[in-house]
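Undergrad: This is what each chain is made of:
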Amino acid sequence: MAFQEIKNVVIRGMAACVPEHVEDNRQQPLLGSAEDIARFIENTSIIRRHTVGNSGICTSDLCFTAAQQLINELGWQKAEIDCLLFVTQTPDYQLPSTACILQERLGLPTECFAMQISLGCSGWVYGLSTIASLICNGQFKKGLLLVGDTVTVTKSPLDKSTFPLFGDAGTATAIEFEEGAAGIKVHTGTDGRGYDAIIIKDGGYRHPFSESSLQMQERETGIVRNNLQSYLNGTDVFIFGITRAPQSIKALAQRFNIDLQELDYVVFHQANKMMTEQIRKKIKVAPEKIPYSLSEYGNTSSASIPLTMLTALKEQLTHGKQKLIGCAFGVGLSWGSVYFETENLCCPSILYL
Amino acid sequence: MTERFIQLFKETLEMEDKDVQPSDAFREYEEWDSLGQLSLIAMIDEEYDVVIEGKPFMEIKTIGELIKTIEQLKSAL
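Protein chains in written order, with my numbering: chain W, 1 to 353; chain L, 1 to 77.
Looking at chain W on its own, in the form it has when it is part of the complex (with noise of 0.2 Å):
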């Protein structure tokens, strides 16, 4: 079982920074009528989305807002940040990683572990996982966790099965080692027999890109779009996220002897409401603890996690301490959990581009 408990690890802070651009679903034609849209919105809970639109935006600008934002209200010194992680499945290029431009352009050390992390929606799990195993032995002291997705781009705007569903963030989570910190429980788990379920079919190197990658199809009726945009099987998802997302809880629960009832909150992966409640019904937690950003900014990929508890829970963060799980699933198919303390977090308001 892919347990991890990893001490000697402490979050400081996290920020986030999203397009200042709104994409408004109330007004979204894909959705059919009046009528078609209320019932959407009430299903999925998505009203707004801040999207790069085409604004040529990367993820790599919205983390490192975030980023400086971070740094500078922690007061941390860059010279003192050895290790930078960048998760995404938006980067810059196809080469170089885009870890090293972020290296450069926050202006840390040469003396710096970089590194990129190809993963969605499960992204800010894995990717705290990754970075508290990196710092918990102490060399190295302070690390920088970025992430995120300008995943609109991926999305034909002629896809209703997608194009309502997703917003763009990057998010910044400053992680550093104090001897003796309780750290943090993972779960996480993997199934690659369901790679196509989210799929961007061209443009790597098992099928490069052609001519026949721009070709727009109707694939059914509302979902127009081409080879380098993203598919989306929404009901193999939606029944992998009500399985996988609860039976990761538990296990972490059971191995790690934690009373989900003595949690302050649960915070799962944006997907949409009707998913999310239906794993809080499973995990028997009460919706109070369930902290939502869904309606302000859709599904935001890897940045949902720290987006949301900026959102709604930056007060309960800043002062005092709090429990909590963070839980996602998505995209390859992959997922887990995370148990973590904060005690005063540094908070940064949410920023825009």
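These are calculated hints, taken from the structure and not from any lab test.
Please note: incorrect hints may appear among the correct ones.
[To be verified] Result set (EDC-like, lysine to aspartate or glutamate): computed pairs, CA atoms no more than 16 Å apart in a straight line: (1) W:K141 <-> W:D82; (2) W:K282 <-> W:E296; (3) W:K284 <-> L:E46; (4) W:K289 <-> W:E262; (5) W:K281 <-> L:E46; (6) L:K61 <-> L:E30; (7) W:K282 <-> L:E30; (8) W:K281 <-> L:E47; (9) W:K282 <-> L:D45; (10) W:K284 <-> L:E47; (11) W:K323 <-> W:D264; (12) W:K282 <-> L:D49; (13) L:K55 <-> W:D236; (14) L:K61 <-> L:D49.
We have chain W; now place chain L onto it with these hints.
TA: Here is chain L on its own, set in the frame of chain W:
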């Protein structure tokens, strides 16, 4: 089981005023769409504690077959 399931099915698809029979091919209802499908999967999970996998689910055509699949999954628990 059949009567109660049909009642829950009608509530889920918001078709309380319609006549629903076990032999009905439910994907042909005008109320049926992708959101309705997710709501139905969620309802079955909640009421019967079983989740029908994507592929077998897509092959189910009638309400009667749906009930049979739920019963089979429940007895295998």
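Undergrad: Is K55 (chain L) close enough to D236 (chain W), meaning Cα to Cα at most 16 Å?
TA: Holds, at about 8 Å.
Undergrad: Holds or violated: are the alpha carbons of K281 (chain W) and E47 (chain L) at most 16 Å from each other?
TA: OK: K281 (chain W) and E47 (chain L) at ~11 Å, within 16 Å.
Undergrad: Are K284 (chain W) and E46 (chain L) close enough, with their CA atoms no more than 16 Å apart?
TA: holds, 12 Å
Undergrad: What's the verdict on K282 (chain W) and E30 (chain L), does the C-alpha distance respect the 16 Å limit or exceed it?
TA: violated, 31 Å
Undergrad: Within a Cα-Cα threshold of 16 Å, do K282 (chain W) and E296 (chain W) meet the stated pairing?
TA: With a Cα-Cα distance of about 26 Å, the restraint between K282 (chain W) and E296 (chain W) is violated, given a limit of 16 Å.
Undergrad: Would the pair K323 (chain W) and D264 (chain W) pass a check requiring their Cα atoms to be no farther apart than 16 Å?
TA: Given pair K323 (chain W), D264 (chain W) holds - Cα atoms ~5 Å apart, limit 16 Å.
Undergrad: Next pair to validate is K282 (chain W) with D45 (chain L); report whether the Cα-Cα distance is within 16 Å.
TA: With a Cα-Cα distance of about 9 Å, the restraint between K282 (chain W) and D45 (chain L) holds, given a limit of 16 Å.
Undergrad: Check whether the Cα positions of K61 (chain L) and E30 (chain L) lie no farther apart than 16 Å.
TA: Holds - the C-alpha atoms of E30 (chain L) and K61 (chain L) are around 15 Å apart, at most 16 Å.
Undergrad: Does D82 (chain W) sit within 16 Å of K141 (chain W), going by the straight-line distance between their CA atoms?
TA: holds, 7 Å
Undergrad: Quick one, are K61 (chain L) and D49 (chain L) close enough, alpha carbons at most 16 Å?
TA: violated, 21 Å
Undergrad: Take the C-alpha atoms of K281 (chain W) and E46 (chain L), compute the straight-line distance between them, and say whether it is at most 16 Å.
TA: holds, 8 Å
Undergrad: Under the criterion that the straight-line Cα-Cα distance not exceed 16 Å, is the pair K284 (chain W), E47 (chain L) satisfied?
TA: holds, 15 Å
Checked against the numbered hints given earlier, the structure breaks hints 2, 7, 14 and satisfies all the rest.
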